[in-house]
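Asks: As given, the protein sequences belong to chains A and B, one line each in that order.
Under this note's numbering, think of the first position of the first sequence as 1, with each following residue one higher.
Under this note's numbering, think of the first position of the second sequence as 1, with each following residue one higher.
To be clear, the hints were calculated from the coordinates, so they are not data collected in a lab.
Since this is a predicted model, take the numbers as computed values, not measurements.
Even glycine gets a Cβ: it sits at the ideal position worked out from N, Cα and C.
Don't take every hint at face value.
Short, incomplete list of chain B residues facing chain A, as computed with Cβ under 7 Å [stated by the list, open to error]: (1) Ser14; (2) Val42; (3) Lys48; (4) Val65; (5) Leu73.
Each chain, letter by letter, is given below.
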Amino acid sequence: MTDNEASQEFSLEALQAGDRAEFAQLVDAYSTQIYRLALKMLGNEQDAEDVLQNTFMKALLSIEKFEGRSSLSTWLYRIAVNEALMSLRRQKPTVPVAMDYEDDDDEIQHPTQFTDWCCLPENELLSAESKGYLDEAIRRLPEKLQVVFLLRDIEGLSIRETSEALDLTETAVKTRLLRARLNLREQLSTYYGERLKEEQA
Amino acid sequence: MEDKHCKSLLGSLSDYIDGTAKEEICRELEEHLSGCEDCRIVVDTLKKTVYLYHSNTDTDLPEGVRERLFKKLNLDEHLKTT
Numbered sequence: 001m002t003d004n005e006a007s008q009e010f011s012l013e014a015l016q017a018g019d020r021a022e023f024a025q026l027v028d029a030y031s032t033q034i035y036r037l038a039l040k041m042l043g044n045e046q047d048a049e050d051v052l053q054n055t056f057m058k059a060l061l062s063i064e065k066f067e068g069r070s071s072l073s074t075w076l077y078r079i080a081v082n083e084a085l086m087s088l089r090r091q092k093p094t095v096p097v098a099m100d101y102e103d104d105d106d107e108i109q110h111p112t113q114f115t116d117w118c119c120l121p122e123n124e125l126l127s128a129e130s131k132g133y134l135d136e137a138i139r140r141l142p143e144k145l146q147v148v149f150l151l152r153d154i155e156g157l158s159i160r161e162t163s164e165a166l167d168l169t170e171t172a173v174k175t176r177l178l179r180a181r182l183n184l185r186e187q188l189s190t191y192y193g194e195r196l197k198e199e200q201a
Numbered sequence: 001m002e003d004k005h006c007k008s009l010l011g012s013l014s015d016y017i018d019g020t021a022k023e024e025i026c027r028e029l030e031e032h033l034s035g036c037e038d039c040r041i042v043v044d045t046l047k048k049t050v051y052l053y054h055s056n057t058d059t060d061l062p063e064g065v066r067e068r069l070f071k072k073l074n075l076d077e078h079l080k081t082t
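The shape of chain A in the complex, shown without the other chains (with noise of 0.2 Å):
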């Protein structure tokens, strides 16, 4: 989670008087969140850097007319979530109407997976493979779902933070969240599963 040096006060008058360094700090302070965003959502590096030089781009061009009424951070990711948005849509740029079909009024899926996957040692819950895995999942969810649970999840945003950051009303994010969790065991639920079964053989 992310409440490390990106706490950091920044001078917003600065900032928007063009102050070089302390935008060099606000680079630096962001950077690591702005990119692993992106390539959670992209899956690829190049991309992600792109994602990340546009996210800083636009904020250099647009920092004066931010008013503050989120915090810096806040207003980064929402950038960097429209720039990896705008990426995922060059790459499908025909994503069918379908993998869009989330409504928040929806009821929320039901769990079908019921497999006591806890017990597997820490060391094979975290290998290098189940991490790969973890990401494939975050990719598998649909959009909507997937950038609320990596503002949340992932890059610790509370639950006002994302929803300003993604013009959301909080109720309409913590149903996603709980949507995007769901999702997420089911899926891991299949792959541990699997391992667990390996491990009994």
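Based on the hints, put chain B in the right spot on chain A.
Replies: Just chain B now, kept in the frame of chain A:
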């Protein structure tokens, strides 16, 4: 899990595992979990799912990414400061 009760509790699960559910709901849930094996597994594996993702956030910037970013932003002169 087909139980009506299980379904009504599903909506509170995120709050429950984040520790932000109301006391009353926690009590109701915990009472239910003690007698419903499927739901117990769902809650345990959901908690574990979130935990695993929280433990898998270690990404570093690959070699050269910071330098290229600073160049792109015309911030080269500040490259050495951190």
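Asks: Determine for every hint whether it applies to the structure shown.
Replies: Each hint tested on the structure:
Against a cut-off of 7 Å between C-beta atoms, the interface hint on B/Ser14 holds, since the closest Cβ of chain A lies about 4 Å away. A distance limit of 7 Å between C-beta atoms decides the matter here; for B/Val42 the minimum to chain A is near 5 Å, and the interface restraint holds. Residue-level restraint check for B/Lys48 holds (minimum Cβ-Cβ distance to chain A is 5 Å; threshold 7 Å). Below 7 Å, beta-carbon pairs count as interface contacts, and B/Val65 has one with chain A at about 6 Å; its hint therefore holds.
The beta carbon of B/Leu73 comes within 6 Å of a beta carbon in chain A, closer than 7 Å, and the hint placing it at the interface holds.
Violated hints for the displayed structure: none, as all numbered hints are satisfied.
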